[in-house]
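Enquirer: Just need the whole structure built from these sequences, with the hints factored in.
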Amino acid sequence: MSFHIVVCGSLVPDPLQTLEPMQGPTGPALKNEMMLPAVLDPWAGHALFEAATLAANVPGSKVWLVSLGPKAKLQQLMMSIAQKVAFDLVAVDGPAGGFLDAFETAEALAGAIDGIAGLEKDKMLLFGGCASSSRDASVTMQLIGERLGITDQFLAVDELKPEADGSFQIMERIEAGEYLVSKCAGAPAMVGWATGNLPEPPNNPQVGMQNMRTVMPALQQAKPAQVGTGDVNFTKVEVPQQRRETKIVKDTPVEEIAADIVAWLKG
Amino acid sequence: MERQMMEVDIACVGFGPATAGFLHTLSKAIMNEDGTVALESRVMPGAPLQVMCYERADDISFGVSGVVTRGKALRESFPELNVSEIPTAAEVAHEEVLYLTDPDGASTRSTGVKMVDKVAGLLAKDNAFALPWIPPFLRKEPGMVFSMGQFCQWIGQQLMGSGLVQIWPGMPVDSPLIEDDKVVGIRLADQGVEKDGSPTPGYMPGMDLKAGLTVVGDGPVGAVGQKLDDHFGLPEGNHIDEWAAGMKAVVQLPGDTELKPGFVLHTFGYPEPEIFGYMYVLPDNVASLGIFVPSWLDNPIRSSFRMLQHWMQHPAVWKYLEGSTLKSWGAKSLQESGMRGEPKLVGDGFARVGEGSGTTNVLTGSGFDEAWATGVQLAEATIELLKEGKSFSQFHLEETYLKRRRSSWVEEEAQQAKKARDGFTRGLIPGLIGMGMTGMTKGKLNMPGTPRRPWDRVPSFADYFRGKLEAGEVKAIIDECKAKGQSMVDPLMDKMGWKPIPYDGQLLLLHQDALLLGGKVQAAHGFADHVRFADPEKCRACESQICISMCSGQAIAASEGGDVPNFDREKCVHCGICMWNCTVGRKGDEGRRSNIIFDAGSGGFHSAEN
Amino acid sequence: MEKVLFIAHTDADGNLPKAALETLTAAKATCGDLTVGLIGADVQAAADSIAECGAEAILGVSGDAFGASRYSTDAAAIEALVKQAAPEVVIAPNTARFARSMPGAAFRCGGKIDTHITGMFREGGKLEVQRWYYRQRMSATLSREARPWFLLLEGGLAEAFSGAGSAIVQTVDVAVDNVRTEVVGVQAPDSDAQTIRPEAEVLFVAGAGWMKKQADGEVKIKDAEEIILGFLDKTQASLGSTKSLVDQEAEGDVLNFMSHMNQVGQTGSTPRHNKGLATCCHGEEPHTVGWRFINERRAISLDANCGWAQGKADVLYIADAFEVMKKVNELL
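Protein chains in written order, with the numbering used here: chain A, 1 to 267; chain B, 1 to 610; chain C, 1 to 332.
Okay, derived cross-link-like pairs now, DSS-like style, lysine-lysine, Cα gap no bigger than 25 Å in a straight line:
1. C:K326 / A:K250
2. C:K275 / A:K247
3. B:K484 / C:K220
4. C:K234 / C:K327
5. B:K195 / C:K212
6. B:K484 / C:K326
7. B:K390 / B:K182
8. A:K31 / B:K260
9. C:K18 / A:K266
10. C:K275 / C:K234
11. B:K484 / A:K250
12. C:K212 / B:K538
13. C:K327 / A:K247
14. A:K250 / C:K327
15. B:K28 / B:K387
16. A:K250 / C:K275
17. B:K227 / B:K210
Derived coverage of chain B by chain A (criterion: at least 3 residues anywhere in the stretch with Cβ under 8 Å from a Cβ of chain A; other residues may be distant):
18. 58–70
19. 152–160
20. 182–192
21. 197–209
22. 597–609
Just so you know, these hints were derived from the structure itself, not from any lab.
Quick reminder that beta carbons are idealized off the backbone N, C-alpha and C, glycines included.
Expert: In structure tokens form, the structure reads like this:
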């Protein structure tokens, strides 16, 4: 039993960047969004690395990466991730900001997945991050799953252990640092990954060369998608500015400081 | 694990303006208009030329510098260029050069400089004297200003979009592959290793890329360039003894700023007379600014970061900057020997382009355009050799690339500029007079001077502080800092009379915050430390440990008891300034390399605005 | 006002989780006619615990299949409850179980969903919610046209509802067929693993300074471990760390109980606690954005110029955290 693993993942601003919201023509957006360096959404990245490892361990499996984003930015993103693991890119040319409606994003992605030639739905594992780090909603993957008729779905997954019969065991993060352990009869299923357990793979130039043969044509063939803010009305988007009056305690004996802290903790 | 090997036609090291110029020109020639292959691969017959470029930074847009350039070569490559197509670019609209006097009285000023101060002071406004006339050799009009990072992103996207060349960021190149004095390719850095380079379970030896032509454009402190210099030596009479630390920032100017895009300001005279400053105003109320701290600033505690903060607060600069916010920050080494620092430009299987090949014009202070031009020249040569079926031998590269370079404006202007900075070896005033003489006579008359290696110049604490501070006072501070493992910069500068920095959390930031908010520095795991101390004993014996004071990112930090400094890869901005600031020559290699090994490494800035 | 369906699932004991009770209070405060929908193996006890909430009806989907957290059965149960109650707004707590199943159910009901809601209010009669984007770096206030509008609320928005009594539950039947996922159970974290504990009063953050050489030139990992674990043991505080500390962990020097799961900040988590104490940490912006939901903040640092002094903490103690925390542990 092999898997056809479809990973949904796109770009988010490099986490080290300073972000500032602004009002764009179709709703809120980030200032200089096209100029900001981007990275693969970290959770989607874990999903991709898990997919590649799973495909390597289950012979006959295959990995697609379905990405919705501005073509030029996707191309730049591919240069940093295509060296990591092997995949077939399916690119969808459209916006990738956090303020876009998850329903419209899911519709575009589900449409792109439907159009993948050679994808066998009964072998499909739909992978993605447990949330995008820009929208932060944990919604899109389930919506894609529903559109594709997948009724076994898992969120915040750290481990997927396949069995020889095609079934697999899943560990999902739940409250209080605990895991929910489930057994799924097999594909099709949706798996929204948390961090998983794999380190980021090193950059492998040969993998990069191999991927580039499909990445460039995929980018050239990327279909445009109309994705917007849907029926959402944003009243206000802001970066909260909280500046506190800081009391600085110095040249004070350790005992006094410790007593003050304890009083505060107990207060 | 076995080392992988891959064959390509052309391997490029580093993605900056020179390599960009090379790839831009080359990529246009690879395919015919009818879609057939014009330049066929030699390693994959039938396929188009296989061209790979490896860049250490994590993204192609993480270049560092505000650029002002006449853009002559760039316009030749883009005859229809509309400057506004380049993000953050603006046409140069107004230029000013200011001589800054010292409002605090803390800088070190020679008698000559003090006299200049007096004269300038009579006509000064905001402690600054505006030069009534800017000599033509310094003028950038007509020209353009932009951010290097955004330029690299703009051109890089076009290049990758062509599908004809591949640029891989996040991949440091360790060394050239040299066989019998012939460069046969490059070796990428090992991954899955400890800080000291020893393998971990995830060890992946750096791949060998065999290439007919290796294009070395890894800048002034690049590992491949250094190793080529070590192997082949510099041509007779050449040296790379002059450097500058460029510390830069990008700021959001206040909303009511009077500055318009294209405003170009250059300063000299403050915070130390030898330090040059610049501010270029880009669209959307953004300014790119910074200072250059040269290797001939004879000061054992030079800290570019603190100097930048003093420069920003100079009344003539602060009047523009008050109310600004830091958007981005960075630093780089500038090879200031110019043509004197030219290495072996071509050899069997390799050619060098850009700043690391000595293109910077030390008279006009121009580097971008020259770097781009040499990339274009090499591409034209490459196309010619490929079309004629010739090899990339030293002879053929001399006949094509070198010939083009030598007969170009880059060479002509560099020849004129060759001795322009010699006067600075004797002080600021002779230096300025020398530059004027060179500039006005197009290099026919020059102020003589003998360049000295940076580590021969840096004075001892005793010499530097003589007449400024009591020897006992200085020793007490140094001893305390060394014992506690703290940097000496702030205590000594405070003692010298430099005012403490009034941190505002917006523009005047702690060094650490500048790293995180502006530089956004990061390093990938699994690579070895790229800064190492060759002989730890020499570090322990080193009085100034200047590597700590001048480290742009506080990546080199003091150890308790004055022990060998610590290096933290997570903070390194890859400026390479440590390499040429170190005051100690390397054992067994005195006179050529300092005690600090600056090698290929991963990480650095995550800022696209620089 | 719009008709609201409040949905909750029971916990393993058949009770309603605290987050559900808080969400119920918030729902009552903001919305109109209320219907309650409960999901669980047996929902009677849960229904009784909120009998006085003033709901027009309490609907229940129950049975063994609904006792466990599973997408297919949960989504079917939510769908059935929504179809039965026909609400305009559906409000539920943002538990792991609903975070997974509610979006798909919203899709099946032809509705839209917003999650991680941190504020809910009426503006000119119109329902608006607040949620965060870009990993808690910017907040937005928004409304939607579409109905039913599903909202998953974060905990802590309101006091937990109390008003027990005797409730009548209207059973909603849901067919259970083709269940392909079997829930094996819950696995607790290793007893020595220290994690972010959402219920803790205090967040304790350890910075890279704990791994630095101390005054005598030695790195004191053992001491650091002892002090930190001692504090956690005494206070049951949640353990967070800076990126630079966990990065050092990856490089080899280890505090055994610490991993990237503990990282707080721009590239880590943004926990919610009433109090936060930072130690040996520089208080740089990328770290302190993770403190967005920490009400009272104190820090111990050797550096009087550190970021905490720049308006990020309420109190900054300039002192050696090793010594202070040792003393704090003694006093505790």
